[in-house]
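For reference, the chains in residue letters:
Number of protein chains: 2
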Amino acid sequence: MSGSVVVLSGGLDSTVCLALAVEQASPVTALTFDYRQRHWVELDHAAGVAGYYGVEHEVVRLELPRWTSALTDKNVDVPEAGASGDEIPPTYVPGRNLIFLSVAAGVAEVHGADAVYLGVNALDYSGYPDCRPEFIEAFTEAANLALKRGSEGHLIDVRTPLMELAKAEIVQLGLERGAPLHLTWSCYRGGTVPCGRCDSCALRAKGFAEAGVADPALS
Amino acid sequence: MSGSVVVLSGGLDSTVCLALAVEQASPVTALTFDYRQRHWVELDHAAGVAGYYGVEHEVVRLELPRWTSALTDKNVDVPEAGASGDEIPPTYVPGRNLIFLSVAAGVAEVHGADAVYLGVNALDYSGYPDCRPEFIEAFTEAANLALKRGSEGHLIDVRTPLMELAKAEIVQLGLERGAPLHLTWSCYRGGTVPCGRCDSCALRAKGFAEAGVADPALS
Chain A
1 MSGSVVVLSG GLDSTVCLAL AVEQASPVTA LTFDYRQRHW VELDHAAGVA GYYGVEHEVV
61 RLELPRWTSA LTDKNVDVPE AGASGDEIPP TYVPGRNLIF LSVAAGVAEV HGADAVYLGV
121 NALDYSGYPD CRPEFIEAFT EAANLALKRG SEGHLIDVRT PLMELAKAEI VQLGLERGAP
181 LHLTWSCYRG GTVPCGRCDS CALRAKGFAE AGVADPALS
Chain B
1001 MSGSVVVLSG GLDSTVCLAL AVEQASPVTA LTFDYRQRHW VELDHAAGVA GYYGVEHEVV
1061 RLELPRWTSA LTDKNVDVPE AGASGDEIPP TYVPGRNLIF LSVAAGVAEV HGADAVYLGV
1121 NALDYSGYPD CRPEFIEAFT EAANLALKRG SEGHLIDVRT PLMELAKAEI VQLGLERGAP
1181 LHLTWSCYRG GTVPCGRCDS CALRAKGFAE AGVADPALS
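Protein chains in written order, with our numbering: chain A, 1 to 219; chain B, 1001 to 1219.
The set of hints was computed from the structure by calculation and includes no laboratory data. Some clues are possibly wrong.
[As the list claims (entries may be wrong)] Output of the computed footprint for chain B on chain A, the stretches with three or more beta carbons under 8 Å from beta carbons of chain B: (1) 8-16; (2) 55-65; (3) 81-95; (4) 162-175; (5) 187-199.
Remember, it's a predicted structure, so these values are computed and weren't measured experimentally. We put the CB at the ideal spot given by N, CA and C, even for glycine.
Full structure from sequences and hints, please.
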């Protein structure tokens, strides 16, 4: 094992993921994407979390002219939690995890890291297709065929340790591991205080409520 | 069929690919990556080619702090043609086609395009693993699992019409289709005139020589 690359948004899930990677697969490079997201405040939180752990932090800037989503286009409203029912909500960003993982795999090859960590979750989540285990499995195969190291039989492992956990279990895991949950940011709307009403805020609140603890980022 | 996204570097292969896409899958969006490549002059050539066809042209800016390659790092020399033997040469950019295709797939979803074109070639090529058909096949599966449209059964098709062609056949195909080969740029070294000695220049020269025609970009 020669380290890992962790996709770090600065939110709850990716911070818990980083906590696990620091234990399991150091040295860690935390990778954060500046994609002109509405909630760019998460970039500062990602830097704070990476600083807390003292890991290398790389910010990748990605300017896509028309990446239509409520998260990147201020003309599209962020819906209230649950408003999209069973549909994929407008906060879906086309190909986001595919792109983020692709960059992370390239960075892993550059750094000689054997693993990529992504904090996706298919239980308490917003229904995005690129959070499902079947996508992660197919991506891993494609990435290993694309990379020099993979083509030489030295495979990269894509790890999604939160995939099967409920949000409350993620909160508990983070607390157990001493993850700096007080430094994290989840709200899709950005600003200075979380809106408390978007899908991401609602999932986070549900997690802390079910875990029976107060959200340290709100105190 | 509702159009396509073509990854356009401004080189010979991607320009021939664009010529085919314009015939087969219009409307076309040409997608060019500004990744701080040494041969950034290709961006101007891509704009020229897209302008020739009058297709939409999007430039995606991608800043990766340490994307180590002879194509992105001026401290690494671009080798002379053939110098790397059977090894993958230092002009290999870790995960480049994986990343480019991922972005193209996301853009295709945004535009409602059904196909992505990539001008890779596994015959007269530099030995990059992300130019092989097995990678393209695995990527297509991963992308369709990642995208909303794919998860709804509306699959994206990744087309690599040059995959099995020799460079001379690509030149001939471009001439037959009236592709603006005089506007293209292939040299890895950048500058104002092609170096004539890098792998990319050598493959291009071989193609024109075997096709029995003069390179219109050199006249």
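These are the hints, each one checked on the structure:
{"no.": "1", "hint": "8-16", "in the structure": "violated (count 0)"}
{"no.": "2", "hint": "55-65", "in the structure": "holds (count 8)"}
{"no.": "3", "hint": "81-95", "in the structure": "holds (count 5)"}
{"no.": "4", "hint": "162-175", "in the structure": "violated (count 0)"}
{"no.": "5", "hint": "187-199", "in the structure": "violated (count 0)"}
Consistency with the previously given hints fails for numbers 1, 4, 5, ordered from lowest to highest.
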